[in-house]
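Q: Sequences and hints are given; from them, build the entire structure.
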Amino acid sequence: MARGRIRAKIRRSSLYTFACYHSHPSEAEGPHDIEGPGYSRMVYCNQPHMHVDKPLRYCSNYISTTKYNVLTFLPKAIFEQFRRVANLYFLLAAVLSITPISPFSAVSMIAPLGFVVGLSMAKEALEDWRRFIQDMKVNLRRATVHKKDGTFGQKPWMKIQVGNVVKVEKDQFFPADLLLLSSSYEDGICYVETMNLDGETNLKVKRSLEATLSLDDDSTFKDFSATIKCEDPNPNLYAFVGNFEYNCDVYPLDPSQILLRDSKLRNTAYVYGVVIFTGHDSKVMQNATKSPSKRSRVEKQMDKIIYILFTLLVFISFISSLGFIVKTEYDLPTWWYLQVPDDSGYFDPRKPLVSGFYHLITALILYGYLIPISLYVSIEVVKVLQALFINKDLHMYDEETGTPAQARTSNLNEELGQVDTILSDKTGTLTCNQMNFLKCSIAGIAYGTCSSDVELAAAKKMALDEDRQSKAGTPSTWGKSRQGSGESEIELETVITSKDEDNHKPALKGFNLEDIRLMNGNWFKEPSADAILIFFRILSLCHTAIPEQDEETGVFTYEAESPDEGSFLVAAREFGFEFCRRTQSSIFVSERYPSFHEPVEREFKVLNLLDFTSKRKRMSVIVRDENGQILLLCKGADSIIFDRLSRYGRTYEEPTTKHLTDYGEVGLRTLALAYKKLDEAEYSAWNEDFMKAKTSIGGDRDLMLERLSDMIERDLTLVGATAVEDKLQKGVPQCIDKLAQAGLKIWVLTGDKMETAINIGFACSLLRQGMKQICITTDVGASAQNSKQVTRLVKQGTGKTTLAIGDGANDVGMIQEADIGVGISGCEGMQAVMASDFAIAQFRFLERLLVVHGHWCYKRIAQMICYFFYKNIAFGLTIFYFEAFAGFSGQSVYVDWYMLLFNVVLTSLPVISLGVFEQDVDSEVCLQFPALYQQGPKNLFFDWYRIFGWMANGLYTSLIIFFLNIIIFHDQAFRPGGQTADMIAVGTVMFTCVIWAVNCQIALTMSHFTWIQHFLVWGSIASWYLFLLIYGELHLSLNVNAFRILFEVLAPAPIYWCATLLVTVACNLPYLAHISFQRSFNPLDHHVIQEIKYYKRDVKDRHMWRRERSKARQMTKIGFTARVDAKIRQLRGRLNKKYSSQSKNVVMSQQT
Amino acid sequence: MSSGDGVSQSSSKKSKKPRYSRFTQQELPACKPILTPGLVISTFIFIGITFIPIGLSSLSASDAVVEIVHRYDEVCISSNANDDEAAHFARIGYIQDDRTNKTCTRTLNVPKKMKQPIFVYYQLDDFYQNHRRYVKSRSDEQYKSPENEQKTKTCEPEAFNDDRKPIVPCGLVAWSLFNDTYTISINGNTIPINKKDIAWRSDRTHKFGSNVYPKNFQTRGLIGGAKLNESIPLSEQEDLLVWMRTAALPNFRKLYGRIETDLEANDKITVVIQNNYNTYSFDGKKNLVISTTTWIGGKNDFLGKIYITVGGICLFLAIAFILVYLLKPRPLGDPAYLSWNKDPASY
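Taken in order, these protein sequences are the chains called A and B. Going by our numbering, the first sequence opens with residue 61, and the numbers climb by one from there. Going by our numbering, the second sequence opens with residue 141, and the numbers climb by one from there.
Everything labelled a hint here was simulated from the structure, so no lab data went into it. Glycine included, C-beta positions come from ideal geometry on N, C-alpha and C. Mixed in with the good hints, there may be bad ones.
In silico negatives: residues of chain B with every beta carbon more than 10 Å from chain A [said to hold, decoys possible]:
1. THR176
2. GLU298
3. LYS408
4. ASP423
One-sided and incomplete, this derived list gives chain B residues near chain A with beta-carbon spacing under 8 Å [unchecked claim]:
5. CYS171
6. VAL180
7. SER182
8. SER316
9. ARG398
A: Here it is, written out as structure tokens:
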């Protein structure tokens, strides 16, 4: 952008009293003593070639967050796979299947395992590839680097080496940790935004060493060389120790010269810096802990079930083994047709215990079908598809930034449906960090008619309620009133959205105060014009900003340290007090009075500036106006200011306090303004002390300065207060509202001052007056580590699922520590997104992510796992029963191939379709009834009651399948031709019944059938017959057992089909009766809603539908709606007192 | 920098936007059946009224089967030992002795008219044809083709004879072939038992080779069951083929042959049994079964009874649901049942 700048070259450092304290290294101290371990790093500035070889070869600036690389992928990924106990078991089983102990052929054990593990690994590879691509995006960012002889050129970030001199321009990120050499400012100051690191919105001031100030041009680097000796890479963001050797002198370095990677240059045209730490050595990367692999609650519970099944497996294997020992010892010698004993020892009556031990292993393999081998891989396939749905959801696509939602790991989809507590970062996540001057209170009179979001919505809703009340009196207007309530809901939302649009309209960023009494010089006619004048002066003088004039329009913009300050200056400009120039010692304000035609430019000499620190919570400036009057102008947190008022300065305290409370209640950030007139003598006495303190050396300098400023900032006179709206991001209040209605608890973590935090709590409708605020104060902002600790506290304290959402590197800890981490993508910083499990472009998408996708995924996965256990128990136990009838010999009634296909093909696809496509209610209903979400946190669908219910169902099914078939087929002829059924035929009949029973079961479980489900469920059954046909015709050497089993043996027998029908119905009857009964007498919410939808009662009886929708929401004390309701109560109370029937605008102004 | 960036950004914007499809937006048309009382009740009634007739017809089919079961293992052996154990060993001694005459004649009464074909079965109890060691001990490859004569690895311990020559057919299953024989006559007229086509067709045509002849069979010191005629190929040894289809349970019947004449009610049939097969070692029972069949096969009351039971349960459930809806109806989609209406405290 070719915007011209008129900038006064000034030494900005003189503006600061406190912040730049560290940048005045006292020469007496001398260089740091940095010998010994931990301080081994040597950096040869501007000589990157020195760092090519060891021992000075440091890691490159290439960052990688991938888990694997080409070489480590196979070993590492395989190891990961077999860390799952179920997979390890199958691996052992596969190894043993080569020995004769195994009841199955080797291929039938190895093939499914290979398939399952291969698929999981392919998924891992794909996910890692995505991470790699994301890393490369960062690695390929361009930076300007000194090449040779004073020329600079572009280089990708990853090519930057230690020792390189880089030039960073305004609003660019620092590519590595740099030592600041010089900046566009004369005194080597630069401003840095560290939001990505610690979440603080205030700009930080960095200042270079005096010695390097001269290096302020490309050409000066031609012969530049220096050496830095400093600490080794460490994660401490706020410390740095090192020495800088330049021109035969040694200078000590401290953190104020260090520019950290991932922070951003602000308000400074350019800086030069030399690279100290690159890539993974940089502070921010050191600070980033390896993202822990997270597992969802459902999956952890699933592990327990797997252990239960393993116990069952071992248990029945022992029973089987015991039976085997008894049979082998007492019966086998008489079973002459077995010719025992033999040499191998597997069936040796002389050594029954040895044989029994062998058999135990056989049994452990045989009953392995109790453990669903394909469970993990099916869940993974399902989750990948669910993640695809999340990624492709157009409702979570942000048009503005062009970012879709992204499920970065698919492990946690179902966890989204069980969230209890949300921890949110503030800046950039909830708010835009864009301030809007909305209201002010001057001399006890409130100005500003523009309403905040909350006020607007309340007014609108109240007007409608009034309207409806008057109508509802007569029953004949029933229909109209229905309409009215419909409008209320719609309009409540349109109010808010239209308001958003309104805010875009005013050309002025940061100013939205509408009050005729103040604008266009009208303030002059106000009774308290003097106070107003002071108020405006405070706004225009008490700051550290510099003006920039647009060359074309002549309009001033301001580069302020905080957006609040910027909005004050814009406000002052609009009131006619335009801050137009700053010199080393003066501020020039062009003041416009209604009595003059031309603005008057006034000069204010800045005598002292007591800047803002988070400890002081106030800022003062001491100026001398053109009349020689010395003024102390002060702004600060109301509590601090009120403590410092003089006895005579409290005239407006009472009304101002009231206004401040009102502003707080409607979610505005407030500051109180005060001033004090100083006489010459008083000032010069103080200034002498102050100057002395300022130049003093030693540890108590800080304390002395504090004390002195405390002394002068006393006996103030209150002028008024400001109310600034921190613009919330689009849809944030509504989203929080819905989430609160869904029963979620929301915490906001912020590195801001406590007041700001509380204010933002109000603004986001998270807090209301009178609610308790839990403030966890930490020493240094909310850095990654701190937010991590807080998250851990919350997690352990509540014991529930927590979700953390944030956008900057400071949120990384929290995102990693929480059960689910959500990153806001679409803004520049990538740290949060890289550490997150899900990335969304806007906070408001969180609602859909949780209430729709989370709800669905939770139910899908829960039902899917339950069903998986059911089907494997139903199938696995039939193998056990058969054992008891086969002398516990380890013979399976099924052909190996049936069993192989059971888990992998014949029953896996329907359950995957359940996991991918099931919807209890559609997405709109999910959003309309946020209360439905509570089914997840309450874990209604994966509690032990339900799990054991499903297991019992599996047990029942196995008993029915086995015993009905055995009794029907065991001895009698089953064909009119007199043939009896052999083992293969009985096994095939039983297996047919298993396939029918479990597939019909899943059809009963589903409530949402697209053609895909139909195709997969019924196709699975059809494919079983198809398989039998093909398998039956295969060449004999491949298939010795089931030759033409269907075609020749079973299909012509009517009893085969009769048995299938009978067993299938008998297996599913109890479940059908159970769910019918439950739906009739104990319906869950989604049942009722399904019915309402099914009978289209929502269309026929809109009133009921709407009533239930609002009921499903109202059970919450926080959230936007609650705030609006509270506001309405408040307004109504006043209204009744006054018996007034004024229009709502007037009401709004009067209530202030 | 600005213009170039803008272009690339807007183009990447386009590519990132997910394309709308009903699949990815999870909006595929779907039927969402719900279990309304009407559906539930009519389902139960439907199952009831289809199952009970099926049950009745299979019961009547089972009823039409005439079956004669005669246990002969104990009566066909003369034992004068006093205690059980002595009797047990005496029987084993008897059955293992080649020299004794094992012919046993039994007379059976035909309770009802039996229409041909009438099937003759032998039934063994407590014979574990499903034991893993037994089931595995066979070589289908060897049975299929003479080239595979040597493929006896899976047949242990019945793979080679004492001269290390491969046994055809090898394996425990073939070795233990049942060798009792039955001859049936009425009033002195022998009734032929047709032993053709008692095995599955595929066994005869595919599984067992028509050019594979028994070799070295039952030539070891240990004699199992029947001997085979070495001049008849395996595919025509139908007794063997039936036997080789191992049974699922230790109690099983196998087809022995077919009588192709009708038997009248109260006919006295005389069966001459060659009681050769040793079930005495493990106290297994032997039965001779003569039975007709219907569409459901042999006598099988169980199927019909279960059908009627399940049908009955369904009708009962249907009635129960009807009653419940009459007594305590819940209007479908009644919002009063929503959790927030039932128990506001929970939210």
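Q: All hints are to be evaluated individually against the structure, with a verdict given for each.
A: Going through the hints against the structure:
1. THR176: Given a closest Cβ separation of 8 Å, the condition is violated.
2. GLU298: Since the minimum Cβ distance to chain A is about 7 Å, B:GLU298 lies within 10 Å and the statement is violated.
3. LYS408: holds, 23 Å
4. ASP423: violated, 8 Å
5. CYS171: B:CYS171 check passes; min Cβ-Cβ to chain A is 5 Å, inside 8 Å.
6. VAL180: OK, holds: B:VAL180 within 8 Å of chain A, min 4 Å.
7. SER182: violated, 12 Å
8. SER316: holds, 4 Å
9. ARG398: It holds, given that the least Cβ distance between B:ARG398 and chain A is near 7 Å, below 8 Å.
Comparing the model with each numbered hint stated earlier shows that hints 1, 2, 4, 7 do not hold.
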